[in-house]
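Colleague: Sequence:
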Amino acid sequence: MIGEVACISLGDLISQFGAQGKRLWQLCNGIDEPPLLPRPRVEFLEQQMQLEAPVAGVEVLVACGRQLLSRLSTPLRGRAVRELSIRAELESGGRTWEKRVVFREAISDNDRLAFVLKSVLNASTPPRPVVAMSLRLASLAAESGKQLSFDDRSRVRRQIEEAIRQLKTRYGFSPIYRCVDVEPWSAIPEDRQILVESDA
0 MIGEVACISL
10 GDLISQFGAQ
20 GKRLWQLCNG
30 IDEPPLLPRP
40 RVEFLEQQMQ
50 LEAPVAGVEV
60 LVACGRQLLS
70 RLSTPLRGRA
80 VRELSIRAEL
90 ESGGRTWEKR
100 VVFREAISDN
110 DRLAFVLKSV
120 LNASTPPRPV
130 VAMSLRLASL
140 AAESGKQLSF
150 DDRSRVRRQI
160 EEAIRQLKTR
170 YGFSPIYRCV
180 DVEPWSAIPE
190 DRQILVESDA
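Quick note, the sequence shown lines up with residues 0 to 199 if you use numbering that gives the first Met the number 0.
Each hint should be verified, as a subset may be incorrect.
Computed Cβ-Cβ distance ranges for the label pairs, DEER-style [claimed, not checked]: (1) Thr73 / Gly29: 49 to 57 Å; (2) Phe114 / Phe16: 49 to 57 Å; (3) Arg157 / Cys178: 18 to 26 Å; (4) Phe16 / Ile159: 50 to 58 Å; (5) Gln158 / Arg38: 34 to 42 Å; (6) Glu42 / Phe114: 17 to 25 Å; (7) Ser153 / Ile187: 34 to 42 Å; (8) Arg65 / Ser138: 44 to 52 Å; (9) Ala186 / Ala141: 51 to 59 Å.
If you are wondering where the hints come from, they were derived from the structure by calculation, not from laboratory data.
Note that CB positions come from ideal geometry on N, CA and C, so glycine has one too.
Based on the sequences and whatever the hints tell you, model everything.
Modeller: What follows is the structure in structure tokens.
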């Protein structure tokens with residue numbers, strides 16, 4: 000079949016199939032100019048933990064996640080993460096539960112990763128007790144610094160206001176409060192300022 004296609008003239012294949020006809024003729028005649036490129040290697044770090052007894056409490060799962068993060072901190076040193084995946088093997092039935100978070104900016108700080116881990120587990124807990132847990136850090140990048148200029152303060156303020164608006168939408172009220180001076184001259188410290196829900 001390939002030999003029959005190779006016998007057809009290039010012009011006939013191009014008139015019938017266009018650019019794909021030209022590519023087909025080239026391949027059938029042993030002409031393959033583009034270099035062979037390997038698939039890009041996806042670098043990731045992964046740790047897993049087998050639990051002695053099934054665990055259902057969020058705080059225990061967060062502690063397990065923190066332990067997995069501490070195991071990954073040495074191989075992660077000097078690099079930042081763009082993706083975090085939490086995978087839990089559930090009790091009875093071999094079912095699994097998985098959550099994947101992709102960050103807008105790469106994170107290299109272990110405390111920030113732990114905060115994201117805790118937030119994910121608090122927002123969406125596994126439906127059954129967990130017997131094994133694994134943590135995968137993917138899309139690794141070189142660690143980089145970020146210098147904020149004076150103009151970036153307004154951008155940061157807008158980001159904070161947007162985050163407060165999102166929290167207010169999610170919870171129905173703003174969980175962020177700010178101090179407002181009421182009676183700064185008062186001798187009683189509690190009367191000087193009050194906490195007010197932030198409107199943003």
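Colleague: Starting from the range 34 to 42 Å, see whether the pair Gln158 and Arg38 falls in it by beta-carbon distance.
Modeller: Hint holds: Cβ distance 36 Å, inside 34 to 42 Å.
Colleague: Do Phe114 and Phe16 keep their Cβ atoms within the hinted range of 49 to 57 Å?
Modeller: Since the Cβ atoms of Phe114 and Phe16 sit about 55 Å apart, the hinted range of 49 to 57 Å holds.
Colleague: Is it true that the C-beta distance of Thr73 to Gly29 lies inside 49 to 57 Å, as the hint says?
Modeller: The hinted range 49 to 57 Å holds for Thr73 and Gly29, with Cβ atoms some 51 Å apart.
Colleague: Between Phe16 and Ile159, does the C-beta distance stay in 50 to 58 Å?
Modeller: Between Phe16 and Ile159, where Cβ atoms are some 57 Å apart, the hint holds.
Colleague: Confirm or reject the claim that Ala186 and Ala141 have a C-beta distance inside 51 to 59 Å.
Modeller: 56 Å, holds
Colleague: Taking the Cβ atom of Arg157 and the Cβ atom of Cys178, is their distance within the range 18 to 26 Å?
Modeller: 21 Å, holds
Colleague: That 34 to 42 Å hint for Ser153 and Ile187 (C-beta), does it hold up?
Modeller: Once the Cβ atoms are compared, 37 Å apart, the range 34 to 42 Å for Ile187 and Ser153 holds.
Colleague: Is 44 to 52 Å right for how far apart the beta carbons of Arg65 and Ser138 are?
Modeller: 21 Å, violated
Colleague: Check the following: the C-beta atoms of Glu42 and Phe114 are separated by a distance inside 17 to 25 Å.
Modeller: Distance hint for Glu42, Phe114 holds at roughly 23 Å.
In this structure, only the earlier hint numbered 8 is contradicted, and the remaining ones agree with it.
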